[in-house]
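> Please build the complex by placing chains B and C on the supplied structure of chain A, with the hints as guidance.
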Amino acid sequence: MVKQRTNPNMREKQASSEKEVNEMEAMEASNLSEKEFRVMVIRWMKKMEDQFNNMCRNQEEMKKNQEEMKRNQEEMKNDITAIKNSIESINSRLEEAEDRISELEDKVEKNTQTEQLLEKKIKKQEESLRELWNNAKRNNILIIGVPEGEETEQGIENLFEKIVTENFPDIGRKKLTQIQEAHRVPNKMNPKRPTPRHIIIKLANTNDKARILKAARERQKVTYKGSPIRLATDFSTETHQARREWNEIYKVMQRKGLNPRILYPARLSIKIEGQIRSFTDKNGLREFITTKPAMQEMLQGLL
Amino acid sequence: MVKQRTNPNMREKQASSEKEVNEMEAMEASNLSEKEFRVMVIRWMKKMEDQFNNMCRNQEEMKKNQEEMKRNQEEMKNDITAIKNSIESINSRLEEAEDRISELEDKVEKNTQTEQLLEKKIKKQEESLRELWNNAKRNNILIIGVPEGEETEQGIENLFEKIVTENFPDIGRKKLTQIQEAHRVPNKMNPKRPTPRHIIIKLANTNDKARILKAARERQKVTYKGSPIRLATDFSTETHQARREWNEIYKVMQRKGLNPRILYPARLSIKIEGQIRSFTDKNGLREFITTKPAMQEMLQGLL
Amino acid sequence: MVKQRTNPNMREKQASSEKEVNEMEAMEASNLSEKEFRVMVIRWMKKMEDQFNNMCRNQEEMKKNQEEMKRNQEEMKNDITAIKNSIESINSRLEEAEDRISELEDKVEKNTQTEQLLEKKIKKQEESLRELWNNAKRNNILIIGVPEGEETEQGIENLFEKIVTENFPDIGRKKLTQIQEAHRVPNKMNPKRPTPRHIIIKLANTNDKARILKAARERQKVTYKGSPIRLATDFSTETHQARREWNEIYKVMQRKGLNPRILYPARLSIKIEGQIRSFTDKNGLREFITTKPAMQEMLQGLL
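Chains as they are written, first to last, in this note's numbering: chain A, 1 to 303; chain B, 1 to 303; chain C, 1 to 303.
Treat each hint with caution, since some may be false.
From chain A, some residues computed to sit far from chain C (all C-beta separations above 12 Å) [what the hints assert, rightly or not]: (1) P147; (2) P194; (3) P196; (4) R217; (5) E218; (6) Q275; (7) F288; (8) I289.
Below, in silico cross-link-like pairs of lysine to any residue (SDA-like), each with a Cα-Cα straight-line distance of 25 Å or less [unchecked claim]: (9) B:K188 x A:A210; (10) B:K77 x C:K64; (11) A:K124 x C:E127; (12) C:K77 x A:E75; (13) A:K214 x B:M189; (14) A:K120 x C:E127; (15) C:K121 x B:A136; (16) C:K137 x A:D208; (17) A:K47 x C:L32; (18) B:K120 x C:H240.
Bear in mind the hints are in silico, worked out from the structure with no lab data behind them. All figures in this text were calculated on a predicted structure; none of them were measured in a lab. Glycine included, each C-beta is placed from N, C-alpha and C at the ideal position.
Same shape as in the complex, but just chain A (with noise of 0.2 Å):
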């Protein structure tokens, strides 16, 4: 951009000497005397170099400013070069750690997938496992309130045989069920627990398992030398966890006349509006429930 504005005192020096000479060529033609000539033309020289000086400086000042300016140019030029220098680090530096990054994604991508892929084995596992006790346990009955100690002269398996006799007399009658295991768990006491341990019954085959825990079921109150006591079915820590998370549920189900069952290994079953509905978790009786304005308030707070 080319500034328009132009110097004033230069200007005015400069009108003022043409001005001047326009006289003096006047006065020549109308004849100075030489005299007067002499002192007009010195006068014009001592002019001409306070002019002339004036601007001697002037581009002496102009020339120190360019030779600053052109000092100071080199070394913007020199920062430029760095400068250029270093984005070009910088952009191959950063061109480094995106890729890096990339690699860095696919990597974990194919980590998380690995991830979901164990997941879905260690679940598999689970089930397998929870089965596997499940089984192990399949033939186990447990007998739940005998005081401790009961077992200490007669041994554990008389002890069964007693109860059997005393409660189930047909069964004990037709054979002596066979025995493979009986022994309190946890194998030790803790004496800061209020109730007995619970006695486990191992029999050598299910379906005698299976017909003294229905004639139990059937006669409802089982007893040992006349005392209550429980005989209920063995199942996998899990699987019992499970069985336990529906407790609350179940009883004011039962209450409010739902018939409620618990199924193999921990589903809820309820009778509702007709159809046996059952469900493996809460979720999905929380999920069932939300078009049923009536359940929801029986089920308050303990979902």
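What follows is chains B and C alone, placed relative to chain A:
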């Protein structure tokens, strides 16, 4: 770079004015009249003033240019300072990013290794589970083809005893094999399924099971009430699946007289070129036959 | 920055010409002859023209410099614009990279947590599997040291009964323990192995197994046809391995009278300073003895 080109106009002016001065000196020497001298001096002065004014304007113009360039330079200097700051900040961000990437690479590498470890453990557990299932089913006999309902009145245990008496009178006579479990699988009948469910008999003694299955293999034809049924070993689901994988190949090989056998848990064994070879999966067999064109043709489309 | 240094040559010229003008005025006052005046004026004019031309060349030179600097400045301006664009693009790439890194960090953190969860589950499953195996082997008795082939004619079951009769006549008399399984492990003989394979006997009843092993421990020396053999509990592979880990330490402790015992599944128990302490692995023991220099010395090289 300094340009060597000169302004032709200025050079000309300069040259002409030098010439004039020389002429003037010559004129002075040849006794110019007073009037002529005055005219010459005044003209020179006018011309000099013109040239001076011209130069003045040039200088003014250059000064403006210089000032503008100085402003530009200041601006650019500020730009460069800002750029340097940007680059510094970029460099430190980039460094931080690179550190984070390195840390991520370490973590991802660690995760990948952990995954491989977990994968190995899961593989080992899978095998352990398969073994446990096979162990749990070790004493089982699978009975295939007995019509549904046959067990309703007599019970499965008596049904099995009938099969033993009908087919293996020697075993039945010697000792009534003790049965631990007897049931159909799956538990519930699927009315859409055209074939009867399998029956599983769990014997108390492994040798009894082995004896019965050996007798069944030797007899080749086993019947229930005269109709053909099949007695088979019971395996874990995975082992069953793995053995089924060989079905088609087994049939082709048997037809071709290769005497194939399925070994526990699911290996295919054949006698080839006088040597017994066994394969845990199709990959192994595929690799083996790469050098056996005859077998490749035989198994085309089956591997 | 404006430099205060002045060009000495130019200052000199200026000074001398000022002096001349003053002299001229003096001369004019002292009535210079016509000729002298003319010579003075013409010389001045020539000198002025020289100086003017000189300045002209200077200006021309500066102008060229200025033009070159302007071109440089334009170039640099373009460079700076390009640099700014580069920086803008770098900044946005960097931002994107940082976003991707953050996302990766989240994913890797999630993966790591999932892995830890899976690791825990696998650990739990490992324990569950170990328990299942130990449970499956709960009724097993391991017989170590019976020469290969001894079972060929009589069968392993009769061989076991002979061992019971030979060593534990009381148990044998009371009741012939029911055997569910009896076989050598591994299934196939390895002809390179110098010792006979172990025999595994699976009894139907856990108490029978416990009674026999207890009797064997009390008798200390068990024989088959007069030659010493060993009866032992059968554990899962992992439990066997974990118990074997204590072998050397157990021997040293027994020699030193520390009465060590290996508890189920693989804990080392010792009585030290009147208290019974048990350790699930070597790490636990190593930590425990950091404050017991005597034990450190005893177990040097074993932990």
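> With reference to the structure, classify each hint as holding or not holding.
A quick look at each hint next to the structure:
Listed as a non-interface residue, P147 of chain A keeps its Cβ farther than 12 Å from every Cβ of chain C; the least gap is roughly 22 Å. Distance check on P194 of chain A: its Cβ is at least 26 Å (rounded) from any Cβ of chain C, clearing the 12 Å threshold; non-interface status holds. Residue-level check passed: P196 of chain A sits 21 Å from the nearest beta carbon of chain C, beyond 12 Å. With a least CB separation of 27 Å from chain C, R217 of chain A remains clear of the 12 Å interface cut-off, as annotated.
The claim that E218 of chain A lies off the interface holds: its Cβ sits roughly 29 Å from the closest Cβ of chain C, which is beyond the 12 Å cut-off. Taking the minimum C-beta to C-beta distance to chain C, about 36 Å, the non-interface status of Q275 of chain A holds against the 12 Å cut. Annotated as non-interface, F288 of chain A keeps its C-beta farther than 12 Å from every C-beta of chain C; the closest such distance is 29 Å. With a minimum CB-CB distance of about 30 Å to chain C, I289 of chain A clears the 12 Å threshold, and the non-interface call stands.
Only pairs whose Cα atoms come within 25 Å are accepted, and K188 of chain B paired with A210 of chain A is accepted, the gap being roughly 17 Å. A C-alpha spacing of about 23 Å is found between K77 of chain B and K64 of chain C, which places the hinted pair at or below 25 Å, so the restraint holds. The straight-line distance between the Cα atoms of K124 of chain A and E127 of chain C is roughly 16 Å, inside the 25 Å bound, and the hint therefore holds. About 14 Å separates the Cα atoms of K77 of chain C and E75 of chain A, which keeps this hinted pair within 25 Å; it holds.
For the suggested pair K214 of chain A and M189 of chain B, the alpha carbons sit about 22 Å apart, so the restraint of at most 25 Å is met. About 19 Å separates the Cα atoms of K120 of chain A and E127 of chain C, which keeps this hinted pair within 25 Å; it holds. About 23 Å separates the Cα atoms of K121 of chain C and A136 of chain B, which keeps this hinted pair within 25 Å; it holds. Straight-line distance between C-alpha atoms of K137 of chain C and D208 of chain A comes to about 23 Å, which keeps the hinted pair within the 25 Å bound.
Distance hint between K47 of chain A and L32 of chain C is fulfilled; the C-alpha atoms sit about 21 Å from each other, no more than 25 Å. Among the hinted pairs, K120 of chain B with H240 of chain C is consistent with the structure: their alpha-carbon atoms are about 20 Å apart, no more than 25 Å.
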